[in-house]
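**Q** Chain by chain, the residues:
Protein chains: 2
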Amino acid sequence: MPRTYLITPGPTPVPPEVAEAMARPLIHHRSPDFKVLLAETLERLRRAFLTDGDVLMFAGSGTSAMESAVTNVLCPGDQVLVASAGNFGERWRKILLAYGLEPRYHGQEWGERLDPAAIAAQADGCVAVYVTHSETSTGVVHDVRSIAEALRPTGAALVVDAVSSLGGVELQTAEWGIDVVVSGSQKALMTPPGLAFASVSERAWSLAERATLPRFSLDWKTARDAQAGGGTPFTPPITLVAGLNAALGMIEAEGVDAIWARNRDLARATRAGVRALGLELFSPDDDSSSMVTAVLMPDGIDGQRVYGLLRDRFGVVLAGGQGPLRGRIIRIGHMGYMNQFDIITALSALELALIELGYSPPSPGAGAARAVEAFAGVGAAGD
Amino acid sequence: MPRTYLITPGPTPVPPEVAEAMARPLIHHRSPDFKVLLAETLERLRRAFLTDGDVLMFAGSGTSAMESAVTNVLCPGDQVLVASAGNFGERWRKILLAYGLEPRYHGQEWGERLDPAAIAAQADGCVAVYVTHSETSTGVVHDVRSIAEALRPTGAALVVDAVSSLGGVELQTAEWGIDVVVSGSQKALMTPPGLAFASVSERAWSLAERATLPRFSLDWKTARDAQAGGGTPFTPPITLVAGLNAALGMIEAEGVDAIWARNRDLARATRAGVRALGLELFSPDDDSSSMVTAVLMPDGIDGQRVYGLLRDRFGVVLAGGQGPLRGRIIRIGHMGYMNQFDIITALSALELALIELGYSPPSPGAGAARAVEAFAGVGAAGD
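Protein chains in written order, with my numbering: chain A, 4 to 386; chain B, 4 to 386.
For the record, the hints were derived by calculation from the structure and aren't laboratory data.
Treat the hints loosely; a few may be bogus.
Note that identical chains are pooled: a pair holds if it fits in a single copy or bridges any two copies.
[Said to hold, decoys possible] List time: in silico DSS-like cross-link candidates among lysine-lysine, alpha-carbon distance up to 30 Å:
| # | residue 1 | residue 2 |
| --- | --- | --- |
| 1 | K38 | K224 |
| 2 | K97 | K38 |
| 3 | K224 | K97 |
So that you can see chain A by itself, here it is in the shape it has in the complex (with noise of 0.2 Å):
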């Protein structure tokens, strides 16, 4: 077996000061001890979601979060809007229609960013609007402070799925008066799968008061009023929370500006290594979007059977497409515990998997070399 390096947006991986985390003897749940690591932790999440407001957690997947705010926030028959652009932007609509919900679509093409007016002028009378921040499938990471301004006049609340985006990249939760947002452990968190998290707006709140929709184990009143007193309502994953911590103290040492730096460099660094290659970015071509860099492959070359040979020749763990992109493009991740020799290592071998499938690059070794450049910060202009 090759040494493994997993480059893909999520999961992503777990540094030594987390695993070490996890590692220690299980604490009990309902222990002072577990109360202070979950006050500690509630805390620093809150920083990093950029709210003062309530941030819940929950043992489950981003899904269940997303989940969590359609029950906790709608009743049947309500008028709400899916704004999308992907695959995750269709987990909304996914979600609603399995809740007897029949939403209103906003669809564009995937690749798009989400035009915030087009999305607005949808919303009139709408309880809720549904959109994704970093829409991982396609790379775009979509403007959802302009649809939050956009937005304001119909009144409608604004939930944001976050999960691949929260402090990956800015994302200002209560100065740009976002009601919901959903996010997961295990992208630019650094954590293992298998926690989530929703932060809820006042005005949320008062749609949580209203709300009809089932919920038992995801219900966040239920979450509120354990939170309140220190724990939670069923057995949280305990080792998960204290990871999570770690992560959160290791964010918080770096700063959450220098981390959305971080990875736009990460993010610029690699296009420009992938124009050195001969290829096509799929997603934009700027420093919009800083999580995913998803590149077209060439002509007559299958993403899948690159994906394959990246990963089982050589170790490197990319993603491929998905949906109608399966096969067509080839996606690096720029979240959680990574750095620049992380995306030379990705150019590096994506170069050489290629090469090994018949294509030839106009200058070898030209993707790292011009990565390097960028990290040396000599590569911005002329490119």
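Let chain A serve as the given structure and place chain B on it in line with the hints.
**A** Frame of chain A; chain B shown alone:
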């Protein structure tokens, strides 16, 4: 801080082998490595559940799996019965009520063993009957085998909460004809909390086909289809799956029969020690219930003070009472990674704490002594 001993009815101590498995570098959940890990874990889970049928895995607490056994089985308006004699029996009722069902209710006093004939007498026309196997709040292990037999003529499906019993005490899912068994990772399965399971019989699958209660992340068919393809529908708690696989390997190496016998011996020695301390048992004074021993506190001594003193002074974490039993009992767990020295420690600490609170045991040190005698196999008669 004193050294900590977790001798609770869950979460239970994590064996070093499990901690090591969880500390390994994260593997991607769409990788061939994870596919192998998941397949082995699910196969071992089926053996632990003693069924050849489907066992589904979810990110969540045991309560999530319970919730799935409501939403995947029922339609609005279905007749169902809850049989309850403790805190976790009540949880079934709460979940059913949250989903708009109006369950029939067979309630017995907390601490009683559920009466199979009385349950069957109320089950006519019911789609499903919801019961608890190990009622952790009272220490009683209910006789779900007899309940299943009694229910057979009624045609109602039997759904069993085995969160705190599966792997620790005999539960023959297939042979006893139990339609749904739900469990969690953090009790007898020796893994940290965060994974939940549901076994689904053929009849339960038929119910799932017609069930119209809403669900998304806990949908059984979605989980089954993903597992059939070697994966999970949503990002799974990868580290916990790795830990669970290691734990299930240990369970297989010891043998489930041997583990059931070990827990029975631990419970037997605990009861002997408790009697030698001059205390009364709240849980049954026989081999029927070997997961948790509940001990009545002497008159005038508050169980919550005992619990706190044990924890803060001696580092020995037992469990207090829940609901109407709060302050009246102390509970000692016998599940998971525990052995005779844990029991001797628990009894010794309990005696020291009670003496500090003014209690005079009939013969100092007799609790530990009697337990040692029981483990030596010389104390079976006449105690």
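**Q** Could you tell me which of the hints above the structure violates, numbers in ascending order?
**A** none
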